[in-house]
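Could you put together the complete structure from these sequences and hints?
Quick note, the sequences are listed as chains A and B, same order.
Going by the numbering used here, the first residue of the first sequence is number 15, and it counts up by one from there.
Going by the numbering used here, the first residue of the second sequence is number -7, and it counts up by one from there.
If you are wondering where the hints come from, they were derived from the structure by calculation, not from laboratory data.
There's no promise every hint is true.
Unchecked claim - Derived pair list, reagent style EDC-like, types lysine to aspartate or glutamate, alpha-carbon separation capped at 16 Å:
id	chain 1	residue 1	chain 2	residue 2
1	A	Lys42	A	Asp232
2	A	Lys210	A	Asp232
3	A	Lys76	A	Glu25
4	A	Lys129	B	Glu227
5	B	Lys141	B	Asp35
6	B	Lys209	A	Glu132
To be verified - Covered, in the sense of this in silico footprint (three residues per stretch, anywhere, with C-beta under 8 Å from a C-beta of chain B), are these stretches of chain A:
id	stretch
7	55 to 64
8	210 to 218
As the list claims (entries may be wrong) - Pairwise CB distance ranges, derived in the manner of DEER restraints:
id	chain 1	residue 1	chain 2	residue 2	range
9	B	Ala203	A	Ala158	25 to 35 Å
10	B	Asn110	A	Asp83	28 to 38 Å
11	B	Ser3	A	His125	50 to 60 Å
12	A	Ala158	B	Phe21	52 to 62 Å
13	A	Thr111	B	Lys209	30 to 40 Å
14	B	Trp350	A	Ala146	24 to 34 Å
Backbone N, C-alpha and C define an ideal beta-carbon position, used for all residues, glycine too.
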Amino acid sequence: MNDSTILETRELQKTFGGLVAVDSVSMKVQAHTLHTIIGPNGAGKTTFFNLLSGNIRPTGGKVLYKGEDITHMPAHRRAHAGIGRSFQITNVFPNLTVLENVRLAAQAVGHDNFKFWEHYRRFGEYEARAQAILSQVGLAAQAAMPARSLPHGGKRKLELGILLASDPALLLLDEPTAGMAREEIPMLMEVIRSVKETGRKTIILVEHKMDLVMNVSDRISVMHQGRLLAEGAPLEIAANPTVQKAYLGDLYGDLTEVK
Amino acid sequence: MEETLPISAQSAARRWLSAWWPYLLVLAFLVLFPLLAGVTIGDPTVAQEGTGSLGNLMLRAESGAAKFWQGMIIQILIFAIFAMSYDLLLGYSGILSFGHAMFFGTGGYAIAILIGRNFDWPFGLALAAVIVIALVQSLVFGVLSLRVKGVYLAMVTLAFAEMFYILAEAGDFRVYTGADDGLHGFPVPAYLSATDHRTRFYYLTLVFFVAVFLIIKRLVDSPTGKVMVASRENENRATMIGFNTFWYKLTAFVAAGVFAALAGALSALYKVSVTPSMLSLGRTIDALAMTIIGGLGTLVGPVLGATIIQLLGYWLERWFGPSWTLIYGIIFMLIVIFLPYGIVGTLRVRSFRLKEGWKQLQQTLAGK
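Set out below in structure tokens:
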């Protein structure tokens, strides 16, 4: 099983001043699975994510990707290595068209970025890929719109589209449904499920709505106050009394004994 | 089958023409201007017998008001090159530099010093050296200043430019730079003299202008240019999809530096003088104002901005005397308030909204 580990953290730690946001988290993620990290607000999920994507540097511990130490690799190099992330706060190019947002991401993984003497239209494959992805996430009709005029749900879909266009082996999705209208959520979860079912990608999903991820996840890790509280198959996690307590807010203080 | 080919070629040509006709129109005007000016406002008394009608036309173009207005357009084109290079930085890549005059001035000083009595280099070699110097200078200062962003970058570039300003003014290098007097009357090759061959210099400037315009246009339409725009819009996101934005910004910085140096060299050759003011903050502000008035990130905007500021400066000074800058300031404020995206930018936003509105109207009508 060990060789199918795509991502591993060893006692990963991040402190902000006196606050320990991520407290020696060791986690293994198997390739081609959907691994969900849940936990109440402030559990350190997003910080943990930022450490994985390289947006921030850890104060201790290691991150290994395909067995290689990437702890000090900058974010753009990780993107090239196959780690792509989406953001909880919508983070698109607001004044560019929806199509251009996705096209740029497709271009980023190609080898034509410094061909400054050629018109970008000569590289039609990126635009074609972008169009295909827009259909996949249900934004084909909005392709020519500036991204800022998309409704919130549309921006979340665009966020996922940008990520898919860069064709990462490992997708880090930070609350992809955050702030979406309820009726739009199933559509997005369906896209995520379809990506997983291609069997070529590993997805790490952060979510705090537990019910949403129960039937798509292969494995669930629960974070609480910066630590890893529990890990297991969805049903195990649902039945775990410690997890239930954490979600109900009953749990305070020292966690070493339950861990 | 055989017939479809010419038709598609024809439609391609038509599409090309429909996209480019405004540019072609302006180019045609600029190409014909010396002749038109010669006929209309040239001095008819300069005509000589035995030179033929075309020869006489050339003579008239080099005389009186025709010569003056060619000079005006030469200066407009030089400033347009400078402003376009600034637009590549600020408008396309989102780099707010307060030190762009550093390249303009260095270009001017480099050509003046190299063809001057200290070095006496041949003109072609000196011009090539200007480009090399600008390349090295913009690489070094680009690497140094692009480590920071926003206001900090503005301050760092300002400091670098001031450094060059102080160097140019310093008495220690008077032999080379002429210190605070600058350099005047350095030996510009006779065949390029703007006094004796105004029309020739006019076409030289026009060729440089068109070349720089086309190069920048191609650059911003290339995959590289698209990343520059992406890093302007949301640099953090551009990094996250895998672009090392530093290299794209450096590309913009170097290209802008070289074009600004070219503009500076042309200006030095035209005026046959360089002064420390070429390196001053005021010169950078000129480029900034031209770009903002015309429209950031439009390329046509800075050209229009350079035209407006140059002509406005000329007329306002004639009408209002020394207090013309006050009127100029008021006009500038009005433009910024009422045309927040500049003239070209605001027009584009308007036409985009009109098209969108028209589409929506059609859709609602079709829906009913």
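_Just to be sure I understand the hint, the distance between the Cβ atoms of Thr111/A and Lys209/B should be within 30 to 40 Å; is that true here?_
violated (20 Å)
_Can you tell me whether the CB distance of Ala158/A to Phe21/B sits inside 52 to 62 Å?_
Violated: the Cβ-Cβ distance is about 34 Å, outside 52 to 62 Å.
*Honestly, do Ala203/B and Ala158/A meet the 25 to 35 Å range at C-beta?*
Distance hint for Ala203/B, Ala158/A holds at roughly 33 Å.
*That 28 to 38 Å hint for Asn110/B and Asp83/A (C-beta), does it hold up?*
violated (57 Å)
*Satisfaction of hint between Asp232/A and Lys210/A, Cα-Cα up to 16 Å*: holds (10 Å)
*Per-stretch coverage check for the stretch 210 to 218 of chain A, three Cβ contacts closer than 8 Å to chain B*: Coverage by chain B is violated for the stretch 210 to 218 of chain A (0 residues, Cβ < 8 Å).
*Has the hinted range 50 to 60 Å been met by the Cβ atoms of Ser3/B and His125/A?*
violated (32 Å)
*If you check the beta carbons of Trp350/B and Ala146/A, does the distance land in 24 to 34 Å?*
Given about 29 Å between the Cβ atoms, the range holds.
*Lys209/B paired with Glu132/A [C-alpha distance capped at 16 Å]*: Judged against 16 Å, a Cα distance of about 11 Å means the pair holds.
*Coverage assertion for the stretch 55 to 64 of chain A with respect to chain B, Cβ distance below 8 Å, three residues required*: That given contact is violated, which follows from only 0 residues of the stretch 55 to 64 of chain A lying within Cβ reach (below 8 Å) of chain B.
*asked:* Hinted pair, alpha-carbon criterion (16 Å max): Lys141/B, Asp35/B. Please report holds or violated.
replied: Violated - the C-alpha atoms of Asp35/B and Lys141/B are around 54 Å apart, more than 16 Å.
*Given pair status - Glu227/B, Lys129/A, alpha carbons within 16 Å*: Violated: Lys129/A and Glu227/B sit about 20 Å apart, past 16 Å.
Consistency with the previously given hints fails for numbers 4, 5, 7, 8, 10, 11, 12 and 13, ordered from lowest to highest.
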